Amino acid sequence: MHSLIQAIILGILTGGVYALMASGQTLIFGIMKVVNLAQGALVVLGAYLTYTLFTQLGIDPFLSILITTPLLFLVGVGVQYVLLRPLHGDDVAQLSLLVTFAIALGVEGVLSFAYGSTLTNVQPAYANFSWTILGYQVSLVRFVAFLLSLVMLGLLYLILQRTKFGRSVRATVQNPMSAQLLGVNANRVSALGFGLGAATAAAAGSVFGMLNSFNPGSHYDLISRLLTIVVLGGLGSIGGSVVAALVMGVASSVVSALASPIWSDFTFFIVLLLVLLIRPRGLFGARTRGAL
Amino acid sequence: MKFATTRAGLIRAGVFFLVLLVIPIVGGPGYLLNTLIFTIMYAALSSSWNLIGGYAGYPSLGHVAFFGIGAYATGIIFSDSVYGGYAPFFLLPVIGLGVAFMSIPIGWVSMRTRADVFAIVTITLLFITQTLAFNLKNVTGGAQGKSVAPAPFDVGTYDWPFYYAMLILLAIAMGISLYFRRSKIGLSLATVRADEDKAHGVGVRVTAVKLIAFAVSAGLVAMVGGVWAYYVGFIYPQFAVDPLITIGMVLMAFLGGRGTLWGPVLGAFILVPAQEYFAQAFGASELYLIAYAAVFLVIMLFLPRGILPSITERLARRRASAAGAARDGASPTPSALPTSEVKVVR
Amino acid sequence: MTENVLEIDHLTKRFGGVTAVNECSFTVQKGTITALIGPNGSGKTTAFNMITGYLKADSGQIRFDGETIVKPRPADLYRRGLSRTFQQARIFPELTVEENLVVAAGYSWRQLFGRRVSESDHERAKEMLGEFRLDTLAGLPSADLSYGQRKLLEFAAVLMSDPTLVLLDEPTAGVNPVMIDTMEQHIRDRHAAGVTFLIVEHDMQLVMRLCDPVIVLDQGAPIAFGSPETIQSDPKVLEAYLGS
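Chains as they are written, first to last, in the numbering used here: chain E, 1 to 292; chain G, 1 to 346; chain S, 1 to 244.
A few of these clues could be false.
[Said to hold, decoys possible] Partial selection, computed: residues in chain G whose CB lies under 8 Å from chain E:
#1 L61
#2 S110
#3 A119
#4 L289
#5 I290
#6 A294
#7 L301
#8 P304
#9 I307
#10 L315
#11 R318
#12 A320
#13 S321
Rather than coming from a laboratory, the hints here were simulated on the basis of the structure. From a predicted model like this one, the values you see are computed outputs, not experimental measurements. Glycine included, each C-beta is placed from N, C-alpha and C at the ideal position.
With the rest of the complex left out, here is chain E (with noise of 0.2 Å):
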């Protein structure tokens, strides 16, 4: 019993970071209707930085955060604008699902080319501080990442709830045609939107490189575990994907405790299975078909 508990906590604390990296990549499947395959590799990538500015410059970790995200918001849009932007043709979709497969492993190389491709971590002094309370055991990063991570999903909610870019994008994720009529720039909010799901893999991995073990290939790892949350929740629900991450954060804590770690990654596969065949649509997706 205690031992289920000790996961359970440990699994709402991985699951908001988690939520954090999904909520990216399922607002730009809202937007531009694209599976961002990257998003694991930008997450990748915002570690590796967070690990440089700490190794080489003593930046406090947590502290980077105000650097890489700034950071990767700007190579998201980036990334839009020079190679998203210019497809065409009947498939365009396809294409684009290609492209961020092909962004995931360039990046991917330019990591191993510049850090190689053994196992890192980003160790802080604080990094193995932890308390016990009531007998489980909290670390000091675990909960400060999921407080962090709730801070960042928060203001993605502000952004989206308050701003005319959010007003823009939720009436652009809701219908894109109406809302173009009504004047709303697609190009731009598609930029801004891939910049600001780059921005939460910015985040998300600066904690993610102190919670786990990385290397430049950890990125299939993630994607996996991304996408089958951001089914599971429904593609393109914001909320939906917290949840999800949340549950599956949960679900395979406990599995890893209760069989292998090996059966961890496996339970990702399986509820990802099991959520298809019985709501293809996901926990909270809009129901939707075909163009008619």
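Chains G and S: place on chain E using the hints.
Quick look at chains G and S alone, frame taken from chain E:
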């Protein structure tokens, strides 16, 4: 799209395979056969991928999972002995069929909704297969890898059986592509790719043809994986289930022209030798990954339809304008055609 | 008493807060050319989509040929003799004109796995092309057709299954007057050969001379039913069209 086979097409195929058949006999520099084995392997992989990714328009990003399963099947069954050397080849059809059947439930679940979800499931499948290969140590040997018993072939012609096995698999993959194009399966797949909802509305057996294409494609890829494992002799999870192999299949089909018979083959014959050359020239595999990503992006941005369709279209346009000029010169033909008005360009 | 080929019973569909089709009931009698008209947004196309299995109804029943369709699926219905066209003339532009008909010609498993497209399919496609005077275009990519020709081709294609009931969604929208006449003639020919039609159409002149009876939908439910003459003089219909 034309679904007829022409005499020119048959001759083209005949010459292509004849040349490849005699190359080992005629001989050449030592590395030639080795490079060709990998080129033909990728041509076969890409042609198989093309069945589902090109003809049906469902781009699978996880086909290397099936490749890996085929490789491990061969590796596990023949880890102690290869029973005279040819047994691994004879077992390929069984592996192919097994993997084809195994892929059906995955295909069924992932193709019920739409192409996005299909890509998500297949890429996740890739990762899961790799994780399993690493972690089911009793069966796969984990990160230590798994070795296939050495083949007892004569040193001078050691590569020949592998070469011809790959060639046969390429011929099968292309034969099935051709059969698809000429039969109603191919027409059905074309309707699925163009407008799946409408395809339902004219009674096309959409689910059936998608699953057939997916399963056949997966089975073929697994067979190629089996030959590969036997040839390289040693399999590690990161090489047998390497995302780069998936990317290779996709990239070659895109470069040559997906949904065409020769596109994937052309793509493989351009990219694999180039890849070997760059590997020799630069060595470091990280650069390799960057170069791959760059080539990929360039194709997507500047040649999204691939070489062959672009050429065909240009030729067709030239021919049409020539015919148009001729028709303008002739007297107006009495036409029984329904009059047309606004021409809709998609 | 004439037989009903299609019976719609209390069909309902909501999109979010909007009720597109509301407790809608009507029947289509065998051998008629029934029109389904109504102002924009009255639920005609939504009803079509539910009848043909493209949209799941929230509640209500559909009976086709005397049988309740429990789980309407477009492909099953097509094979059973209920086919439809779309407002925007959906064809397969990559395929040739003839192939567009061949793909609609039915799928016994033997034919699906056949080494090539069967002779009988070719024959039937040829006949149909002849009837629709598209035979000279048979080998052309259908992407090259004009909009009107596409509409004709789509109509011809859905006839390949020898349907008992054909639903046409605005068969003459966006085509020129000559093509409207052509389309009308083809509908009359097929009607004479025993096919029942249910047509959504905005061209009232065409409806008045071609269709009987006429069903008028407003806000997702029928408000009038009868011959073109009675419909024209029905005050409820006028009100629906002119708004109040």
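Status of each hint after checking the structure:
A least Cβ separation of about 7 Å between L61 of chain G and chain E falls short of the 8 Å threshold, and the interface hint therefore holds. Checking S110 of chain G against chain E: minimum C-beta separation of about 7 Å stays under 8 Å; hint holds. Interface restraint check: A119 of chain G against chain E, minimum CB-CB distance 6 Å, threshold 8 Å, status holds. With its C-beta approaching chain E no nearer than about 3 Å, L289 of chain G sits inside the 8 Å limit, and its interface hint holds.
Satisfaction of the interface hint for I290 of chain G is found here, the shortest Cβ-Cβ separation to chain E being roughly 4 Å, below the 8 Å cut-off. The restraint placing A294 of chain G at the interface with chain E holds, with a minimum CB-CB distance near 7 Å, inside the 8 Å limit. Look at L301 of chain G: its Cβ gets to within about 6 Å of chain E, closer than 8 Å, so that hint holds up. For P304 of chain G, the interface hint holds, since its Cβ comes within 8 Å of a Cβ in chain E; the closest pair sits about 5 Å apart.
At a threshold of 8 Å, the smallest CB-CB gap from I307 of chain G to chain E is about 15 Å, leaving the interface hint violated. Of the supplied interface hints, the one on L315 of chain G is violated, with its beta-carbon coming no nearer than about 19 Å to a beta-carbon of chain E, more than 8 Å. With its C-beta approaching chain E no nearer than about 21 Å, R318 of chain G sits outside the 8 Å limit, and its interface hint is violated. Interface restraint check for A320 of chain G: the shortest CB-CB distance to chain E comes to about 20 Å, outside 8 Å, so the restraint is violated.
The interface hint given for S321 of chain G is violated, since its Cβ lies 22 Å from the closest Cβ of chain E, which is over the 8 Å cut-off.
Of the numbered hints stated above, those contradicted by the structure are hints 9, 10, 11, 12 and 13, listed in ascending order.
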